[in-house]
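My request is simple: use the sequences and hints to build the entire structure.
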Amino acid sequence: MPNDSKRINGPDATVPYSIYTNLNSESSELLIKNQLQFRVDKRKHNEFRKMFIRIGVVSQAKGSAYVEMGQTRVICSVFDPREIPNKAQYSTQGELFCEFKFAPFASCKRKGHQQDAEEKEYSLIMQRALEPAVCRHEFPNFQVDIYALVLDNDGSALSTAIMAASLALANASVPMFGIVTAVTVVIYDDLFIIDPTYKEEALCLKTIKKLKPVNHGIIMQAMLSQHDQISEFFLTGSMDINFVNSSIDILSKTSNEIYPVLQEALRKSILKMIKKKNQQEK
Amino acid sequence: MAEIPLSLAEKTFILHGIDADFRNDGRSRTHYRCMELETKLMDQVHGSARLRIGNTDVLVGVKVEIDTPYPDSPGDGKLEFFVDCSANATPSFEGRGGENLANEISNVLALAYQSPDAMDLTQLSILPHKKCWKLFVDILILECGGNLFDAVAIAVKAALYSTEIPKVKCATLDGGEADIALSDDTYESVKLDTTNFPILVSLYKIGDSCVVDPTSEEEMCSSASIVISVMPNGRISSIVKMGYGSVHPTTLSKTLDMGTKVGIELNNEIISALKREDELGLNREIIGFLR
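If you're matching them up, the sequences are chains D and W in order.
full-length UniProt numbering applies: residue 1 is where the first sequence begins, and numbers increase by one.
full-length UniProt numbering applies: residue 1 is where the second sequence begins, and numbers increase by one.
It cannot be assumed that every hint is accurate.
Here are some of the chain W residues that sit facing chain D, going by a computed Cβ distance under 7 angstroms [claimed, not checked]:
| hint | residue |
| --- | --- |
| 1 | 55 |
| 2 | 236 |
| 3 | 252 |
Read the hints as simulated data drawn from the structure, not as lab findings.
Using N, Cα and C, we set each Cβ at its ideal position, and we do this for glycine too.
Structure representation (structure tokens):
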């Protein structure tokens, strides 16, 4: 979306009505924990949602991918390398330009058309997660544009976007060291919940003030599974260091489980492409 | 960040030094450079601090203003960080050159202070739903000599420690409108509860090991760094990876353990230094910045 300052963003003085609905509901530690203990979709705590992957969905882009993680839907497209704009010096390494955007209607609260601070931060995280996976020395002084759009946000949007972007990069035949898998985990007290929904994410960041601090927070880890390398680690909240260390193990394990799913999706897309080519030749 | 051209031989020299736990300037891997920290050195602000570590110079000013709280958190105040990478520091910051780095630093700070365990925003509330204090934390980077994140975070913590918010004598609702009266005595003020304020520790992976507080030359040798925000009680409020490289899971957990240990120690040192400065009283001599 081009940055147009004259674009009318609609009235910004509005507030979501939901703040008036739960005014009287007292949130306690026990209540939050109860809600997290039994997940609405009857998943286990270490179970990720069903994925749907389709590669090559945008005909105009060099490469693209559409990934669904439960109700979270992300579409991502990658465009041909082009010269880095406004750059005087020659750079020996190619660059990735990432843009992460929530669709205006993706979340509970409406988002504007222009990137806000959170989306800018996520763009940078995406860039750092993908950079170690791309052979950037193969296209010096060029940049590859990656655009990820979250159509529907039901939690773990950032990790889904990173996976979609790595599939789109592979689909665009950008030379890579491997596919990036990304997993989000939320932590509350002693619970580790893999691949949280929007509600679970919000519960873990809910502010409750009390004397004894409770572990809470969100961790997103992007990983190159076949090389056993973590390409990005992002934590917010407040927790004990031992919890962080044990969550690294859990996240790595889940990454290894997701990796074959992505691989299979890529394999299928290539088989389909070859089949199409053969038919054309006939 | 400021780019310093280094030859391969120079990089190898730095790398071998770090492998042997003996760096260019004689420090070990977990040692910080000497710091100069001073608070309350500006007149027009409610809290200020200046930190010099090696060749990195950071100046922080905290301004306090009255605002209306966000509708989804009516009982909380507001806290915002703005970083300005002045072109005085490095020519590459000129124009919009420093913008990315500035955004990065303010984002990491905002994340570090986001949790209510770290910073309790209810202490900034005046009248829920109506009025609250808003803290503007403005960070100016005057000189850039490596390890910006740690320097900025320490300076921010010191500036918030020194911040004095005017005392509210009475705050009432007058026909649905907020009516606030401040104390007539300008010296009467409230201090923030800074017990759990975090600091940032960035660990740069150089070769097989990690170092804290790198010089700009050492920064050039590193492909990846981990920025951890550590509270004085040893809890972690945020972790971000920086740089273009990746790390192995076991390296990451080792790095995190090291960062937490260093962070707790550093926090204690900073707090005791700030207390020592307090003991000097109001009539102490002010050194000022860029000296």
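Tested hints:
1. 55: Hint violated; residue 55/W Cβ to chain D Cβ min 24 angstroms, cut 7 angstroms.
2. 236: 6 angstroms, holds
3. 252: Cβ of residue 252/W sits 6 angstroms from chain D, so the hint holds.
Of the numbered hints listed earlier, the single one contradicted by the structure is hint 1.
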